[in-house]
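Undergrad: One-letter residues, chain by chain:
Number of protein chains: 2
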Amino acid sequence: MSDRPAKDKLFDAFASVAKVLGSGRRAEIVDVLAQGERPVDEIAEEIGQSIANTSQHLQQLLRAGLVRTRREGTRIHYRLSGTAVTRLWVAVREVAAEHVAELDELAEAYLGDRAALDSLTRAELTNRMAAGDVVVLDVRPEREFRSGHIPGAVSVPIGELAGRIKDLPHGRIIVAYCRGQYCVFADDAVRTLREQGMPAARLEEGYPEWAEAGLPVEDGAPRKSGAPG
Amino acid sequence: MSDRPAKDKLFDAFASVAKVLGSGRRAEIVDVLAQGERPVDEIAEEIGQSIANTSQHLQQLLRAGLVRTRREGTRIHYRLSGTAVTRLWVAVREVAAEHVAELDELAEAYLGDRAALDSLTRAELTNRMAAGDVVVLDVRPEREFRSGHIPGAVSVPIGELAGRIKDLPHGRIIVAYCRGQYCVFADDAVRTLREQGMPAARLEEGYPEWAEAGLPVEDGAPRKSGAPG
DNA sequence: GTGATATTCAAGTATTCACTTGAATACAAC
DNA sequence: GTTGTATTCAAGTGAATACTTGAATATCAC
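Top line first, the protein sequences correspond to chains S and B. The opening position of the first sequence corresponds to residue 1 in our numbering, with each subsequent residue numbered one higher. The opening position of the second sequence corresponds to residue 1 in our numbering, with each subsequent residue numbered one higher.
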């Protein structure tokens, strides 16, 4: 009754999208690119693989249509090909969080114990931003901040945080955010700030989810450090 | 700085979810189970594979946490483990539709030319249902209808449609729906009805998307054929 | 043009995967 | 208990995959 070979091919095409996300290294690449575009060598460093291997993973993502490229001189910048890809990546993590038995252990092994860390949802953060009683801290690498961030956020990459704590405004709660729920930067930031006696919490999710939810974003260079608006 | 082995394992765990969807046959299984639970032999028949092979695919889906089982006598029924899995499957198809170059051709090869077929969005259908000027026709196999359908829909499996056209009410547009955007049943139904001079259109998407969107659903046996409410 | 750098390609290897076939298990009917 | 049926398991094969190494390509600076 139904056209079996044609149906198989159609579903193989759907599966090709999932298949390309079915490698931990390519998943890391998508996670990185969800923060904004990056050249090959930086991606390789980010995922801890050789450049040749990273390039081949990127070719696969390209063939599957999940990423696009842009040439700039000798460098080739990769980026996700659209917001549907971000949604797909979020959906994968959701299913994993709900249904993969060992995920909690693995996440704890990587992230450490989060029990002591406060976290805010996006809605809570927008409320508090409206009330004006928070400082929003973007602790991702500065180039990710430049390609897009929460409006009014201060960029202090996690590596520089310890040395710049004194520049941060006092008297308001500091809410740190980073790449997402499974990113260590914001956790590290909250721990560092707490050790210095500053009230701090993390945004539960990260920048890609914020942008994907249609909340306002801003891009460009960070202001000179000091108290923001 | 970051714990590479732990990070790799965490992302491997995310990837394991995508990987298991990265086979056309397993994708078909998920598509079938999105309509409701099914025993192994029916799934095997639905995807056109041997029972042994289907069983192994199901084991993989089970290990990855995407499906659950229920024993009933000697038969084992598989079902999706939650709505997050449906969302993931929808996300995969969206990315494929947007970014996989050959998908249009493959879909047309399987579905045939759709240019002449009217289709309604979910919102359009709910409006027309409220206005009372449509007959909603569920052309999936009856057991899928029983495990959940659009309220007020009439169940006429596609294979029986030709013989039951005379039982359908006249004077109202007939809107057929089935498993989803890439399912042929509703297309076939619209063509069959049109040939008989009845005004017909299809719902753009299928039952799983309807249910996932939080729209009302109903379950149970179909009424005896004849005009519904 | 030459040299330097970023990226891709190609070949090789160990591993994993999909499917087949045939046997083993688990429950139901008797 | 035996028989029948639904499902799973195990072994085998050919294809695909991830990563490595080393060479090829493309652009820029000069």
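Be aware that one or more of the hints could be misleading.
Copies of the same chain look alike in the list, so a pair counts if it works inside one copy or between any two.
Stated by the list, open to error - Calculated lysine to any residue pairs in the SDA-like style (CA-CA distance at most 20 Å, straight line): (1) 166 - 194; (2) 9 - 194; (3) 9 - 119; (4) 9 - 129; (5) 166 - 82; (6) 166 - 124; (7) 166 - 199.
Since the hints were derived computationally from the structure, they do not count as laboratory data.
Undergrad: Up to 20 Å between alpha-carbons, please classify residue 9 paired with residue 129: within, between, both or neither.
TA: neither (50 Å within a copy, 36 Å between copies)
Undergrad: Using 20 Å as the alpha-carbon threshold, which applies to residue 166 and residue 124: within, between, both, or neither?
TA: neither (26 Å within a copy, 57 Å between copies)
Undergrad: Between copies, within a copy, both or neither: which fits residue 166 and residue 82 at Cα up to 20 Å?
TA: Intra 39 Å, inter 47 Å, cutoff 20 Å: neither.
Undergrad: 20 Å Cα cut-off: does residue 9 pair with residue 194 within a copy, between copies, both or neither?
TA: neither (55 Å within a copy, 29 Å between copies)
Undergrad: Is it within a copy, between copies, both, or neither that the alpha carbon of residue 166 lies no farther than 20 Å from that of residue 199?
TA: within (14 Å within a copy, 72 Å between copies)
Undergrad: Between residue 9 and residue 119, at a C-alpha cutoff of 20 Å, which is it: within one copy, between copies, both, or neither?
TA: For residue 9 and residue 119, the Cα distance exceeds 20 Å both inside one copy (45 Å) and across copies (24 Å).
Undergrad: Measure nothing new, just compare the shortest in-copy and cross-copy C-alpha distances for residue 166 and residue 194 to 20 Å and report within, between, both or neither.
TA: within (13 Å within a copy, 74 Å between copies)
Hint compliance for this structure: hints 2, 3, 4, 5 and 6 are not met, and every other hint is.
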